[in-house]
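Asker: Using the hints provided, position chain S relative to the given structure of chain C.
For reference, the chains in residue letters:
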Amino acid sequence: MASIDIKNVRKDFGPVSVLKGVDLAIASGEFAVLVGPSGCGKSTLLRLIAGLEDASSGEIHIGGRRVDDLPPRDRDIAMVFQSYALYPHMNVRDNMGYSLRLKRTPQARIAEIVGRAGAKLGLEALGERKPRELSGGQRQRVAMGRAIVRNPKAFLFDEPLSNLDARMREQMRFEIRKLHRDLGATSVYVTHDQIEAMTMADRIVAMNAGIIQQVGTPLELYDDPANVFVAGFIGSPAMNFLSGEARRGETGVALSVGGKAFCTLSQAVAVPEDGRVTIGIRPERIRIGVGAGQVVEAAADLVETTGAASVVHVDLAGQAMKIFTTERLQLTQGQRIPLAIDAKDVCLFDPAGGGRLR
Amino acid sequence: MRGSPRVRLVKWSLHYGVLLLFVVAALFPLYWLVKISLTPNDSLYTHSIDLWPATISLEHYATVIGNSDFLLFFRNSVIVSGVTAIASTLLAAASGYAFSRFVFRGRYWIVGVMLVTQMFPLVIVITPIFSIFGPLGLTNSLMGLIIIYTAFNIPFATFLMQSFFDGIPKELEEAAMIDGATRFKALLQIIAPLTLPGIAATMGFCFTGAWGEILFALLLNSAASTSTFPVGLLLYSTRATIEFGPMMAAGVLALLPVCIFFFLIQRYLVQGLTAGAVKG
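These protein sequences, in sequence, are chains C and S. Residues in the first sequence are numbered from 1 upward in steps of one, following my numbering. Residues in the second sequence are numbered from 1001 upward in steps of one, following my numbering.
If we strip away everything but chain C, and leave its shape as in the complex, we get (with noise of 0.2 Å):
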């Protein structure tokens, strides 16, 4: 097990700047998620780390070695790929077996530990097997089983669930997270899932546009993030953002909507001179009816239900909003619900740059 520690990584392909200078320190034996939209520079920031791409500059180290001059195979590190990249032309044994049989690992050594690997995957039956003749599900452990019998410093994982059907990835989630408890090895995670990377990550760290945007817990990032990036990419229905006025008042700053009183925050927040604020808040963090919190009036527009719970889309002065309810609802179109807010669920943003007011 090794830290992985990423010193002002810059990467430019050609005029584009992929990167923008990335630092990251990633603890030993940690889980780390690095997630954002596509071309946010994450899968290039794991492909720097593997040896694949070369960095235009600064300085990678993996397990206190600097590492960014070596070539992948010395770098001690494996890697599962979103394709997961199985040697056609050889079994699921080895396949498996192949890095040992690079370094000379005698026959019943690599038959031992890939037979070891192979029955923590449940892959016993299927040694003699082609990648072709598997599912996606089997190859995606065999990926895994390929990386287990490296024992490497650190594993590398580039959206490995993408390819597999929404239960598969649910299952699979949990055998990795659990792989990673039972194995204790320093991980890091690429994926564009934030589900994902809430229900796996020991650490996110939020990308966008080549620029860490947020490094935290999942709770962290979710109940405080640090811009609007991140507030609007973690959570599923998205956090709500509303353009908004701050005015500060003697019991605090009083929010407003449309002209219509939204709530008062009473902690002390640096508002723009020009008072105008972005608001977010989580649909789930909305209730709807009079509550002890403050109550604004919005219109039932469209319910949607998945069963378990309803999102209901509402039209707040103009502006869309949604709530997250586990209460049945019956509403038509058009009709008034009040809304209780509660202040302290409430984020400001500077609408011009996107940061959090605090």
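If you are wondering where the hints come from, they were derived from the structure by calculation, not from laboratory data. Any given hint could turn out to be false.
Cross-link-like lysine-lysine pairs, in silico, DSS-like; alpha carbons within 27 Å at most [said to hold, decoys possible]:
no. : chain 1 : residue 1 : chain 2 : residue 2
1   : C       : LYS120    : C       : LYS103
2   : C       : LYS178    : C       : LYS153
3   : C       : LYS103    : S       : LYS1185
4   : C       : LYS103    : S       : LYS1170
5   : C       : LYS153    : C       : LYS120
6   : S       : LYS1170   : C       : LYS130
7   : C       : LYS153    : S       : LYS1011
8   : C       : LYS153    : C       : LYS103
9   : C       : LYS260    : C       : LYS344
10  : C       : LYS178    : C       : LYS120
11  : C       : LYS20     : S       : LYS1185
12  : C       : LYS153    : C       : LYS7
13  : C       : LYS344    : C       : LYS322
14  : S       : LYS1185   : C       : LYS153
15  : C       : LYS130    : S       : LYS1011
Answerer: Showing chain S alone in chain C's frame:
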């Protein structure tokens, strides 16, 4: 297929009728070659045209094998074509891999130059090549032919190999390199086995190209000892007569190595080996 049985029958007949037509048109010259090679001399020059001779004989084959330099030409052709096929394929595989996987300075220009070499007829470069090869001792030598054939095969063979490498996911060698292989080892142990169909196709292409080439073979090599088969076949056509019988027999024999070659590589020509490597 839809429709009534009658419509289906018509469609079926059309489908196979066209196929049959094509096969007959393609194979008829071959059939005629075999037929004449088996027709005895005395019934060869009659007025009637028969689809099959009344008696068949192997006399032409005996003449070709026993009474001519045929075996020498044959040996020369096998050497020239075999070495050409192997050399062009190896070099084309190397350059095709580079074009498929690496971005390097001058890549665009190299591709351009290679394309240009494919654009003009060979006839116009024969004279300069002859005057270069003469002093180097490469005329009247098998080596000269091998060099020329390999050089002219490489551009197209390179594009061919590149397209095969392009078809193999880059992740496979990346996975191998992370597993502990050098790039060369990954190429040898992971990529090469998957490129066998491509290698076989490229080899077949280069082999048959060299096997049937006559222009350079005729003009660079005048001595019988270094002549290849197509040149040898011309010897049956003299000023006075054309010895159709032995010529056809030699032609049939010339087909054999190509047939054997394709028989050996056909298993690799079947695609689909990469299925299952990535999501499928």
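Asker: Taking the hints in turn, state whether each one holds.
Answerer: Okay, the hints, checked on the actual structure:
The suggested pairing of C/LYS120 with C/LYS103 holds, with an alpha-carbon distance near 23 Å, which does not exceed 27 Å. At roughly 18 Å between alpha-carbon atoms, C/LYS178 and C/LYS153 fall within 27 Å of each other, so this suggested pair holds. Using a Cα cut-off of 27 Å, the hinted pair C/LYS103 and S/LYS1185 holds, with the two alpha carbons roughly 13 Å apart. Our distance criterion of 27 Å between C-alpha atoms is met by C/LYS103 and S/LYS1170, whose separation comes to about 23 Å.
Proposed proximity of C/LYS153 and C/LYS120 is supported: the alpha carbons are some 19 Å apart, at most 27 Å. Between the alpha carbons of S/LYS1170 and C/LYS130 the distance comes to roughly 19 Å, so the proposed pair stays at or under 27 Å and holds. Proximity of C/LYS153 to S/LYS1011 is assessed by CA-CA distance (about 64 Å); at most 27 Å being required, the pair is judged violated. With a C-alpha separation of about 16 Å, the suggested pairing of C/LYS153 with C/LYS103 holds against the 27 Å cut-off.
Between C/LYS260 and C/LYS344 the CA atoms are separated by roughly 19 Å; this keeps the pair inside 27 Å, and the hint holds. Of the supplied pair hints, the one linking C/LYS178 and C/LYS120 holds, its CA atoms being roughly 11 Å apart against a limit of 27 Å. With a C-alpha separation of about 34 Å, the suggested pairing of C/LYS20 with S/LYS1185 is violated against the 27 Å cut-off. Restraint check for C/LYS153 and C/LYS7: the C-alpha separation of about 19 Å stays at or below 27 Å, so the hint holds.
A threshold of 27 Å between alpha carbons decides the hint, and for C/LYS344 with C/LYS322 the separation of about 18 Å falls inside it, so the pair holds. Of the supplied pair hints, the one linking S/LYS1185 and C/LYS153 holds, its CA atoms being roughly 23 Å apart against a limit of 27 Å. Taken as a hint, the C/LYS130 and S/LYS1011 pair is broken in the structure, with Cα atoms around 40 Å apart against an allowance of 27 Å.
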